[in-house]
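S.K.: Now for the letters of each chain:
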Amino acid sequence: DAGITQSPRYKITETGRQVTLMCHQTWSHSYMFWYRQDLGHGLRLIYYSAAADITDKGEVPDGYVVSRSKTENFPLTLESATRSQTSVYFCASSDRGGEETQYFGPGTRLLVL
Amino acid sequence: AQKVTQAQTEISVVEKEDVTLDCVYETRDTTYYLFWYKQPPSGELVFLIRRNSFDEQNEISGRYSWNFQKSTSSFNFTITASQVVDSAVYFCALSRGYNKLIFGAGTRLAVHP
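Residue numbers (the numbering used here), protein chains in the order written: chain E, 1 to 113; chain G, 1 to 113.
Hints are not guaranteed to be accurate.
[Claimed, not checked] Lysine-lysine pairs mimicking DSSO-like chemistry, simulated, CA-CA at most 30 Å apart: (1) E:Lys57 to G:Lys38; (2) G:Lys100 to E:Lys57; (3) E:Lys11 to E:Lys70; (4) G:Lys16 to G:Lys100; (5) E:Lys57 to G:Lys16; (6) E:Lys11 to G:Lys38.
[Stated by the list, open to error] Some chain E residues near chain G, calculated using beta-carbon distances under 8 Å: (7) Tyr10; (8) Asp62; (9) Gly63; (10) Tyr64; (11) Thr86; (12) Thr101; (13) Tyr103; (14) Gly107.
[Stated by the list, open to error] Negatives, chain E to chain G, calculated, CB over 12 Å: (15) Ile12; (16) Thr13; (17) Glu14; (18) Thr26; (19) Ser94; (20) Glu100; (21) Gly105; (22) Arg109.
For the record, the hints were derived by calculation from the structure and aren't laboratory data. Idealized CB from N, CA, C, for every residue including glycine.
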């Protein structure tokens, strides 16, 4: 029973490179979310998806791209990484969106040099 | 505007002390949900409780209890007889509709032996 997993768990990259963070859930939840966690800001929503092929922006979407071709996967791509994107990224899923409990993956710690 | 305020940035207590973590929220919605999550030093986010806006009954789960008061827009979390394992960052969050979970900045709790 894997639940929700993220890969890689740690990533170091350089400014300007493209980076993709993977998220996979085994619950068949409809909704999936990407958050970033920065000191003093709590967690902020980047993008979310209500179902396969349906995605929408959150609070801080600039510089990120998402896709969702399969219900269980929700990759997050940084098209051209910047130092300000150094953060911890969390993926989450829920059965029916914001009113339902969101369950989080273990997080990916990203360092952009 | 939707907002969650956790005014206590850090709290330090000695084991067996009771401690209350404050959470104040702002919303114009009549239907909403409130959550608490725990983030231990290992970094994962652990769901603790979900409460809807129509249920103002306090809840107790072992050493944990939650006090929801709509009149003061507060959803406070109390740990009774704290233990070292309670050391973590605790986040309060507010849901808005199907696509947003708004987090407070978190309160770091340190429980010393």
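S.K.: Now tell me if each hint is right for this structure.
M.R.: These are the hints, each one checked on the structure:
1. E:Lys57 to G:Lys38: Given pair Lys57 (chain E), Lys38 (chain G) holds - Cα atoms ~26 Å apart, limit 30 Å.
2. G:Lys100 to E:Lys57: holds, 10 Å
3. E:Lys11 to E:Lys70: holds, 24 Å
4. G:Lys16 to G:Lys100: violated, 36 Å
5. E:Lys57 to G:Lys16: violated, 44 Å
6. E:Lys11 to G:Lys38: This hinted pair holds, its Cα atoms lying about 24 Å apart.
7. Tyr10: violated, 11 Å
8. Asp62: violated, 17 Å
9. Gly63: violated, 20 Å
10. Tyr64: Constraint on Tyr64 (chain E) not satisfied, violated at 16 Å.
11. Thr86: violated, 15 Å
12. Thr101: holds, 5 Å
13. Tyr103: holds, 6 Å
14. Gly107: At about 5 Å, which falls below the 8 Å cut-off, the nearest Cβ of chain G leaves the hint on Gly107 (chain E) intact, so it holds.
15. Ile12: Answer for Ile12 (chain E): holds, closest chain G Cβ roughly 17 Å.
16. Thr13: Answer for Thr13 (chain E): holds, closest chain G Cβ roughly 20 Å.
17. Glu14: Per Cβ check, Glu14 (chain E) is outside 12 Å of chain G; nearest 24 Å; holds.
18. Thr26: Label holds. Min Cβ-Cβ 17 Å, cutoff 12 Å.
19. Ser94: Non-interface label on Ser94 (chain E) violated, nearest chain G Cβ at 9 Å vs cutoff 12 Å.
20. Glu100: The claim is violated: Glu100 (chain E) sits with its nearest Cβ about 8 Å from chain G, within 12 Å.
21. Gly105: violated, 8 Å
22. Arg109: violated, 8 Å
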